[in-house]
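A.B. asks: Sequence:
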Amino acid sequence: MGLVCSWLFLLLCLVSISLAQVKEFVSIDCGGKSNYSESNTGLSWVSDAAFICLGDVAEIKTGNSISPQYKFYRYFPVDNKKYCYTLNTTERRRYLVRATFLYGDSYSGSSYPMFKLYLDSTLWATITINDASRVYLEEMIIWAQTSSFQVCLCCSSTGFPFISTLELRPLNLSMYFTSYEENFFLKVSARINFGAISADPLRYPDDPYDRIWESDLEKRQNFLVGMAPGTKRVSTSNNIKVDSREFPPVKVMQTAVVGTKGSLSYRLDLEGFPGNARAYAYLAEIEDLGENETRKFAMKQPDVPGYSNVVVNIAENANGSYALYEPSYMNISLDFVLSFLFSKTHDSTRGPLLNAIEISKYAQIIPKTDIQDVSVLDKFSSMAPHVQSSYQNGDPCIPATWDWVTCSSLDGNFLSGTIPDLSNLMGLKILHLENNRFNGQLPSYFGELPNLKELCVSTVRTSSLVIDDDLDVAYCINFSALEEATGGFSRKIGEGSYGPVYYGKMMDGTEVAVKVSTDLSSHGTQQFVNEVTLLSRIHHKSLVPLIGYCQEECSKILVYEYMHNGTLRDHIHGGLTYLHNGCNPPVIHRDVKTSNILLDINMRAKVSDFGLSRQADECLSHISSLARGTVGYVDPEYYANQQFSDKSDVYSFGVVLLELVSGKKPISVEDYGADWNIVHWARSLISEGDAAGLIDPCLAGTFELESLWRIAEIAVLSVQIRGVGRPKMQEVELAIRDAISIEMRSKDRLDVSPSSSNTPSTHVRFSSMPLDVMSLNFQNRFHLLPSIR
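First residue of the sequence shown? That's 1 in the UniProt record's numbering, and the numbers climb one at a time after it.
There's no promise every hint is true.
What the hints assert, rightly or not - In silico DSSO-like cross-links for lysine-lysine, where the CA-CA straight-line distance does not exceed 30 Å:
#, residue 1, residue 2
1, K429, K492
2, K261, K232
3, K251, K241
4, K296, K261
These are computed hints drawn from the structure, not numbers from a lab.
For clarity, every value in this text was computed on a predicted model and none was experimentally measured.
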């Protein structure tokens, strides 16, 4: 009996340990009377009395059927003020923030509440109560940039603002990384557990990070409809290895749905969309496959071919069964209704399988009022009794201003004279000078301020402000100025995926290429923001410089230095080497192709079009991202794994080299047939020892065979199937330099011949690389037409 009691006591201790709350969890019962521990989860809840002194408390009288944290809620007056909770954080750490709302039967008003929820100054959600018995849940994933943030309620349309719970959960350092976290929150729209055992959601302690996973058995309108025939629920008791980036809970990965008839399909509404999203699929092979059995399927999203046809073999991708594989899209444009299809490949013996999905929308962060201004106002309010009596918290200006504060922008004050010295403002990020009457030069030191990202200059006609030629920062340009410079956008010089490109001439005589976006979606906005952000930070003589930009109402316009000689099929390795090795963090272009390489008036090559570029962090060099680019140039590893690296650019550049020497297109049914491309064709010729077969007949007799072999060798190495076998960009650059040196030695030998004295030179000096070298002059042999993207 004593032994049995000992074992029972040990089991009780283990259960208590498993339910012990993570120390850094913050769980606030809004309106709660006291602190307590919830028996089902072991979570410790605290009253919100220590967080806010405003509002009143209402009690829900539904009986004992609801969890204790939902028995009360705090509500606030219907006025023009905001009511905020302040939560402390550790800077540069990611958190899950959750707010819930249960209206219940506490009030018999004529209409249900509808109000705004803000995280700091950023609109989080519009809370609209349609069902009094439903718990409405909002979640946001944030990267803390300061030591605290605020959750605010305000702006009631009907009823009154209220809140039931507020929760803060710290996340593992690898979880939910995005390239945009300094400028965007992640608003969780769907987190679904497929094949779930019951309709109840799954959370802590099953998920150690206390994410709430909805069951696919949940029944509500437009949630997981359109299910394919033959969909079967499967589960396992085996442990699942989940130690990957997002750490989904083992219990979620132990269940799944399988398409026994070859397909899985679902359709669901995504709250807050359309917009750009971070999307994850969580997969683990939880069925025992026979020796000759395979499970391979394509992940498809209808009407979005760029995201479709990625073939998944779970056991192979995860290096075995009962292990996690999580393909994800860093940035995908989704509509309000998400439809997706997993379809078995022809050589697969089992149908597709899905354990879970998670989709979050990018929510652009709205800057808060300067912290020093807020500090001054807080000190003033503490000393002023009449202010204390009408206490207000949160940001003084956004989303609603304090009663006794007037907030206004400093631009548009018609200031005159020269711009004062601002060179010591190392932390300056945004500077608006428009609608003033400054004169003199816009100082070049603005280009040296390390954090300056946005510079808006004057648009007043009487202003005589002149842009310094040495200013190395993109500045905001008024739409009317661009309309005048382009003659009403009358001279179209090209068109690409971003939109049409027009020639323009600014008032100071600068010739520009003006790219006008035709994509009004949030994806187009993100591509616009990405290009402005990157090119405001990186500068190199082999990169097309961004002069300025315009973002007024629906207009998203990029203004570049005009490249007189169109696109280049020649020397760009200097620019790419700088992106990979000269930038900190490095930049991966992700869309290298001949139409993204331009020639200026002196035939100098410059890399352009950074809308798809990404920064590569040293410790996160293989971040899952959407496989976007141009067909024929995209790294096959990039398509298969949704992973990119500097070797992805190397592959694309290898295709460019093959295109240059052969004069052929990357994809051509006429040249290679339906199943081949330029890479397959080149590999075939090289394997047969026929390097000369690669060469465009127009170049016959104009090159040394040794230099050709050097180019062919490095080109074929650059398009190896696996990135690990490809050279770095510096090695590619050295190989091209070697080939050019061979040609130069050949030219020198020809120059000493008397017969060469009357022969026109076929070489020209150019400076698109770090060192001046001699290059073949292809201008005399090709017709290069402007084709700007």
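A.B. asks: Evaluate each hint against the coordinates.
C.D. replies: Outcome of the hint check:
1. K429 <-> K492: Given pair K429, K492 is violated - Cα atoms ~34 Å apart, limit 30 Å.
2. K261 <-> K232: Between K261 and K232 the Cα gap is close to 10 Å, so the pair holds against 30 Å.
3. K251 <-> K241: Measuring from Cα to Cα gives roughly 11 Å; hence the hint holds.
4. K296 <-> K261: With Cα atoms ~13 Å apart, K296 and K261 stay inside 30 Å; holds.
When the structure is compared with the earlier hints, a violation turns up for hint 1 alone.
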